[in-house]
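4 protein chains.
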Amino acid sequence: VSANANELIVLPTRAMGPDDADYAVAFAVPIATPGLSLYVSSYAAGDRNEFEFPISSRHKMLETLTVFDDVFVPIDRVFCCRRPELAGPLALTFVEYHRFTAVSYKLPLVDALVGVASEIAEMNGVARAGHIRDKLARLITYAESVRALTEAAALRGHLSDRGIAFPDPMTTNIAKYLFATQYHEAVELVQDCAGGLVVTGPGGEDWANPEIRPVLEKYFGARAAAEPRLKMMHLIADLTARDFAGYQAVLAVHAEGSVEAEKLQIIRSYDLSRASAYVRDLAGLDPRKEMR
Amino acid sequence: VSANANELIVLPTRAMGPDDADYAVAFAVPIATPGLSLYVSSYAAGDRNEFEFPISSRHKMLETLTVFDDVFVPIDRVFCCRRPELAGPLALTFVEYHRFTAVSYKLPLVDALVGVASEIAEMNGVARAGHIRDKLARLITYAESVRALTEAAALRGHLSDRGIAFPDPMTTNIAKYLFATQYHEAVELVQDCAGGLVVTGPGGEDWANPEIRPVLEKYFGARAAAEPRLKMMHLIADLTARDFAGYQAVLAVHAEGSVEAEKLQIIRSYDLSRASAYVRDLAGLDPRKEMR
Amino acid sequence: VSANANELIVLPTRAMGPDDADYAVAFAVPIATPGLSLYVSSYAAGDRNEFEFPISSRHKMLETLTVFDDVFVPIDRVFCCRRPELAGPLALTFVEYHRFTAVSYKLPLVDALVGVASEIAEMNGVARAGHIRDKLARLITYAESVRALTEAAALRGHLSDRGIAFPDPMTTNIAKYLFATQYHEAVELVQDCAGGLVVTGPGGEDWANPEIRPVLEKYFGARAAAEPRLKMMHLIADLTARDFAGYQAVLAVHAEGSVEAEKLQIIRSYDLSRASAYVRDLAGLDPRKEMR
Amino acid sequence: VSANANELIVLPTRAMGPDDADYAVAFAVPIATPGLSLYVSSYAAGDRNEFEFPISSRHKMLETLTVFDDVFVPIDRVFCCRRPELAGPLALTFVEYHRFTAVSYKLPLVDALVGVASEIAEMNGVARAGHIRDKLARLITYAESVRALTEAAALRGHLSDRGIAFPDPMTTNIAKYLFATQYHEAVELVQDCAGGLVVTGPGGEDWANPEIRPVLEKYFGARAAAEPRLKMMHLIADLTARDFAGYQAVLAVHAEGSVEAEKLQIIRSYDLSRASAYVRDLAGLDPRKEMR
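The listed protein sequences correspond, in order, to chains W, L, C and R.
By the numbering used here, the letter at position 78 of the first sequence is numbered 61, and the numbering carries on one by one without gaps.
By the numbering used here, the letter at position 238 of the second sequence is numbered 221, and the numbering carries on one by one without gaps.
By the numbering used here, the letter at position 133 of the third sequence is numbered 116, and the numbering carries on one by one without gaps.
By the numbering used here, the letter at position 252 of the fourth sequence is numbered 235, and the numbering carries on one by one without gaps.
Take the hints with a grain of salt, since some may be wrong.
The list cannot tell twin chains apart, which means a pair is met if one copy fits it or any two copies do.
[Stated by the list, open to error] Quick list of in silico lysine to aspartate or glutamate cross-link-like pairs, EDC-like style, CA-CA up to 16 Å:
#1 K201 to D52
#2 K43 to D151
#3 K272 to E210
#4 K201 to D264
#5 K201 to D189
Hints in this document: simulated from the structure, not taken from any laboratory.
Only chain W is shown next, with the shape it has when bound in the complex (with noise of 0.2 Å):
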């Protein structure tokens, strides 16, 4: 999202050695600053059509390659410079805060889902089914327990020492694992509550046409009118199934941190000594561990 910005802040992402001391370095600069490139990805909105792309042709996402070709940086603008040490400590502290950034601003998505999947199950007149109903309850889960575990995790959360608040690392992280890797089915569930139409649908150029539109709206109506249930339909394809849905389903694999650096972060800001503790005087043996 550089590109919409006017400053750019580069910070270390992981934790570095010795060898990796030149490329330890924090520093901000203004975008406009001699020598800097961004080079937009492709992932764009286009001349979309408001009908077949009711979020997408509104919304634009940009990705950036950012190249640095001989840049200035003034000193006063530098944070840290060739301290690997520091590496580690801030790429963590970004984290921390970004990826609870994260799980809140996805709380709009999920919610979205369990939506869609109401309302067009109730155009499509299906809503009493059994298994719809079994679908609905698990996509309500799936927001809700994400919802929750944010708010554990700000409510959670501690004052450092110097008075900033951060949010409680382990509860954040399981709210992303859990937002991450439950996504994928979530769509699945989604689209088994739509039905093929999502795909199959007319698209807004028919629509448009005075001449066909009349034919869709006589044969695409269920319970609800053709006009809200196609819409329906085109809301949940930009959701799930057209570019802008494959970029929000990546994004909740990798963005923030994969899967598997969530997992990371869990098991090592877990206390593992209640739970060793307990389970020590269950078995019968001293709480205080040692091996022999």
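Go by the hints and put chains L, C and R onto chain W.
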């Protein structure tokens, strides 16, 4: 558990109609009331040795078939008599509290699953293996999701008109549903970390035998000595692979309401209006829903 | 796909009763018959560049709304007219063949998912990582289970009274059910192996630009050079993260019968008698079932 | 099971290096050889009543710690002595056969899971409920996938140079992997269909008591009479919720190779060349792989 109680409270267990009026009753009687018989189920700890059955040799769970044969209930112990319209609300009220109790008292159990997996992996000398860490992360996610959701159910609690606090129904049911539907997988993960020795290891009589024990000590040590390792194995067997374990597994699915009952309550207690209005707005429809 | 055909065959799609008699028809007409209109759906390859859309720039799938407005069908092209009792059998016969076709033509698709995951992991330089190998093993299991079950459905096929071979219904439906219910997870595994570059990588116009390409070649190489790696990334995007991908995902769930239809057929076509007699014998009951 | 045998065959269990030479041995000795001791594990059927333990009162599984203390092995019973280079191939050969045996002998077990779920659902009077049919379809899919894959492993078998037939390694391992990783879920589905009575029902002593049995017969009947229903419940408990059940569950994960071992063999035995060439062609790359 009524066999351990002094008083028995009887409640309707579901919504009832006029034809069920004879069963729409609620009352309390002392266990010692004439005509009241308890047939206690067969599950019992028995004369178990502590080495092999570290939990179930000390804890005994009773289940009871309770039969009323011409029992007299004084009118002042009757809370509701032949009022089918009260059956549903009474059952539901009970359920909401009881299901919250359920997820609360399960927290030590899910902690124990994390603890034994971690301890035995270390004792087996495989704690650093990638697949073990993956399984441990999933167990932690399971246990801590249930804990965070249980806390959230309490924090989101409401006060009734009469000032009685009750936990949030949706969050309670989601906590219970997650606990119930992932319990068997958690058991599998623990068994995977532990190895086949959980069920092939030596029993308490062999261990108590002074001629055999030195052999067992020689061959069953790994990263940890044989004694703590075998004790931990038997704790895992008690928790995941014997009758106490089976009792816990069936309880996970059925006690305090079945999985299907939880799904039903999740849908009932979820307020669809937010998600519905949101997606209708995204789709370009009037957020106030009309089908045609 | 009727837009590509010369003849259109019309069949009942479900069991019917006397009230549905007017719809219990089967016949064939040329596409060019007066009164017959095809409204082709919007999914189209369009003017896509091969770099970015390696599959969907070459292959175009059409879906059609087919409308009959006072179409004359000669009596010798009518196979069944107002015979609702034939509707169910006709639909079922079609389904059994068509569902076998479905799992058969999906085999290259599931092979492709295994292939791209393996190739991109190697190109990314992570093919030896434990979690990547875990995901690859799960993808292979998915693809090869579907293949083995499809082969089994054919090998267990029967000859009808008239000598027509048909695949085994139960095995066919199990193959399709596994394919359908694990497809989205397979997509997730592929995206996990590939990384975020699947959706953030440079597009075809940048690649074609002689000033930009050297920059992309410099920075997007990993274990493999930028060109093969970016081509593989775009293949993965086409397969899992764009409209062609969404089309395949919805097809997995709904085409040739939905997941619920497959479950129904699995139960119907499974012969319970063996399992039933076996467990009744184990339980000490008369294997010939009587409830009381 | 060596306690039931006349001869003991000893084989290496994994690939070995020069340092392991002392353990790279294979031979056979009679069980009665001096210096050979078997310490049989504690799992035993004991004095169980048939009502409560319909399977485990009749079948006893033994596991043994086998200790060699200065045992003499005649040279003509030695198949391999201090040849670490043979250890891996020997272990692998054993595994391929043994894992095929495993999935073959599990078929009655998975059939039993389908059978008891179906029988008890009918006896409980809930066989037509939508969620029960869903669970039954999933159990059938589980059991019949394992069966079809086992058959496929045999049908795809090869003849070695010496004319010895062996099952296809990849298919065998996929069959075993599916059996192992879905076993606990299958147990959960059975318990869900059966209800809490699996662990709260009356035991054999109560049933044998002529004063108590009429009470049990009166109150435990449902769609089926109390006797068949309680017998089926106890069969389910024996299969899914007691020590015999736990033994089967741990065996599912670990016997004849663990889940991780199966994943390893799936990757090793899968021929990537077809999928690899296919996707390279789709991506517009030379199908003969070169990284740069």
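Hint check:
{"no.": "1", "hint": "K201 to D52", "result": "between (60 Å within a copy, 12 Å between copies)"}
{"no.": "2", "hint": "K43 to D151", "result": "neither (32 Å within a copy, 38 Å between copies)"}
{"no.": "3", "hint": "K272 to E210", "result": "between (66 Å within a copy, 13 Å between copies)"}
{"no.": "4", "hint": "K201 to D264", "result": "neither (71 Å within a copy, 24 Å between copies)"}
{"no.": "5", "hint": "K201 to D189", "result": "within (14 Å within a copy, 44 Å between copies)"}
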